[in-house]
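Peer 1: Read left to right, the sequence shown gives residues 1 to 547 (this note's numbering).
A hint or two may mislead.
[Unchecked claim] Only pairs whose alpha carbons sit at most 25 Å apart, straight line, appear in this in silico DMTMM-like list of lysine to aspartate or glutamate:
#1 K455 to E503
#2 K455 to E420
#3 K510 to E413
#4 K510 to E419
#5 K95 to D48
#6 K410 to E501
Calculated directly from the structure, the hints in this document are not laboratory data. These figures come from a predicted structure and were not determined experimentally.
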Amino acid sequence: MENDNVDLIKKLETIGLPLLVLILLILSVIIRILPYLTNNYFFEVGFDTGFYQAFLRRFAESNNWDRIPFFPYVWDYESFYIEPGFFGIFALILKISNYYNLRDFFRFVLPILFGILIPLAVFALTRHVSSNRFVGVLSSSLIALSYVQYNAINESYYRQIVASFILIVAILGFEITLKNNSNRGIIYVSLLGGSLYVFHRPIFALFILSILVYIIINTMRRRTIIVKKSILILISSLILSAIFWFPVYEQQIDLITDVINNSKSDLIAVMSDQVTHGGGAKPLLMRDGHILLTYASFSPVLVAFSLIGMLFVFRHRSPGSFLVCITLVTIVYMMLCLVFSNRYVFNLDIFICCFCGIGVFYLARWLFVIKRNKRIYSIILVAFILALLVIPFFNTAIKYQSNVKPYITKNLEGVYWIEEFIDRNGSVLFAPDYLSADLIQLGYTVAMYDYYLAKKDAPPIFVTEEFIVNAPSNLTYVEEFFKTYPDYRFKEIYVLWGSWELEAPLVYTKKKIPLSDYLESKWFVEEYSGVYEIRSIYKLNITNINW
Numbered sequence: 001m002e003n004d005n006v007d008l009i010k011k012l013e014t015i016g017l018p019l020l021v022l023i024l025l026i027l028s029v030i031i032r033i034l035p036y037l038t039n040n041y042f043f044e045v046g047f048d049t050g051f052y053q054a055f056l057r058r059f060a061e062s063n064n065w066d067r068i069p070f071f072p073y074v075w076d077y078e079s080f081y082i083e084p085g086f087f088g089i090f091a092l093i094l095k096i097s098n099y100y101n102l103r104d105f106f107r108f109v110l111p112i113l114f115g116i117l118i119p120l121a122v123f124a125l126t127r128h129v130s131s132n133r134f135v136g137v138l139s140s141s142l143i144a145l146s147y148v149q150y151n152a153i154n155e156s157y158y159r160q161i162v163a164s165f166i167l168i169v170a171i172l173g174f175e176i177t178l179k180n181n182s183n184r185g186i187i188y189v190s191l192l193g194g195s196l197y198v199f200h201r202p203i204f205a206l207f208i209l210s211i212l213v214y215i216i217i218n219t220m221r222r223r224t225i226i227v228k229k230s231i232l233i234l235i236s237s238l239i240l241s242a243i244f245w246f247p248v249y250e251q252q253i254d255l256i257t258d259v260i261n262n263s264k265s266d267l268i269a270v271m272s273d274q275v276t277h278g279g280g281a282k283p284l285l286m287r288d289g290h291i292l293l294t295y296a297s298f299s300p301v302l303v304a305f306s307l308i309g310m311l312f313v314f315r316h317r318s319p320g321s322f323l324v325c326i327t328l329v330t331i332v333y334m335m336l337c338l339v340f341s342n343r344y345v346f347n348l349d350i351f352i353c354c355f356c357g358i359g360v361f362y363l364a365r366w367l368f369v370i371k372r373n374k375r376i377y378s379i380i381l382v383a384f385i386l387a388l389l390v391i392p393f394f395n396t397a398i399k400y401q402s403n404v405k406p407y408i409t410k411n412l413e414g415v416y417w418i419e420e421f422i423d424r425n426g427s428v429l430f431a432p433d434y435l436s437a438d439l440i441q442l443g444y445t446v447a448m449y450d451y452y453l454a455k456k457d458a459p460p461i462f463v464t465e466e467f468i469v470n471a472p473s474n475l476t477y478v479e480e481f482f483k484t485y486p487d488y489r490f491k492e493i494y495v496l497w498g499s500w501e502l503e504a505p506l507v508y509t510k511k512k513i514p515l516s517d518y519l520e521s522k523w524f525v526e527e528y529s530g531v532y533e534i535r536s537i538y539k540l541n542i543t544n545i546n547w
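Throw the hints in and build the complete structure from the sequences for me.
Peer 2: Take a look at the structure:
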């Protein structure tokens, strides 16, 4: 009879586990494409989606593929600042497949791909750390339902998403390498670690910084073998990353210097109780307060059981010590509100979901051991804990994903007017940030994303907003603008805004659009008057400018 029960359990594991994994992957995919299953939007959702579409298109059309694996010149201004890994790989796929429907690519292909890859990577990592497949299923389920995860898909943070997938696999390889006596894993992990630089520099920095901390901790604990392997991985990853940054080392040094200076300023602000917001946008539902506090208050049960999981891994010295280290490094970095700290919440959420699965499982196992005669109570308690985790996550996912929208949904007539009367090839659109995020999806040159306008210490949005504010009333400013950016002399320039700007200032300059100046301007002519998101479109009449 006992053997029959054992056989039944094995059969359930053989059949049930793959079925559970399949169900959670289907759920993960559906949640990520839900905005387009339940709505027929003209634009794709997300602030960075249009930028990624435009950049991917220009990579695919670039004539400088001979520069691979370095930073290929898509156009000079962006080539030093944007990591080419994601764009290079997927542009090559588009070229080979001759598939250029970027709308469906961002609506369905990419969300489905990473809705599968990230949960599978988390499953593999947590299964190794916990030595239990069902822990992997639980952690992957949390990833599938996590708001932070599908919000990143909505916003098209694909450089970070791809790099995070590589990071999870690298952490898994790191843990396996430390556990085994073979040194072959060092090459594997170093290749993954070095490649992070070409996909996303902040994730590469997190990986390298965590290895440094890990080396220091294990040196203090006199774990010689672990220290030697970690040093080899660190040095090899840095050397391999040089393949990508050395050809443009001057620009990379400038970028690193800016990051260090900004981080020092942020750190001083934190230490003196001044306001600092950290780098990168926060998820919409976590906008108020410090990102760590809002994350913890958004998912308190998740965080609580992740702490239990971390304590278990740390106490039992099981595989996962580097995962604990990189999690703590991420938390400390975010606590200090340094450069990019807000966006690290995506990676922190992955780590927290991993440890939460471990925490719930081992708490349940502990309850079953100490309550052998009252297992029904243990089962009820564990079921209650799982309900506290899964039901709010699932409820938020369905509600949020069913209602998330692009920025332009009401005045599509204005969009059709733009497509009919404004030439894509010979024009530039100056618009507030949220409108620019959608309009660039139409294939227009949008000033906010045109790095031709970038200054050394500021992205192009600052120049964009200054132009919108000053151009209608200050002819001298316009003339100086064209002297500074002579290529714009040969383009038709349009300025547009929506109803929001009637009351609210622009995001970066904190200045309001001078509506009366546009009405009275002698060199701006109103071409379109509408409502909602596209209320006014003005065209610059450059015949009135003395060169």
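Peer 1: Evaluate each hint against the coordinates.
Peer 2: How the hints compare with the structure:
Taking the CA atoms of K455 and E503, the gap is about 29 Å. The hint is violated against a cut of 25 Å. The suggested pairing of K455 with E420 is violated, with an alpha-carbon distance near 33 Å, which exceeds 25 Å. Simply put, K510 and E413 have alpha-carbon atoms about 29 Å apart, too far for the 25 Å limit, and the pair is violated. About 30 Å separates the Cα atoms of K510 and E419, which puts this hinted pair outside 25 Å; it is violated.
With a C-alpha separation of about 22 Å, the suggested pairing of K95 with D48 holds against the 25 Å cut-off. Pair hint K410 plus E501 holds up; C-alpha atoms about 16 Å apart against a cutoff of 25 Å.
Of the numbered hints listed earlier, those contradicted by the structure are 1, 2, 3, 4.
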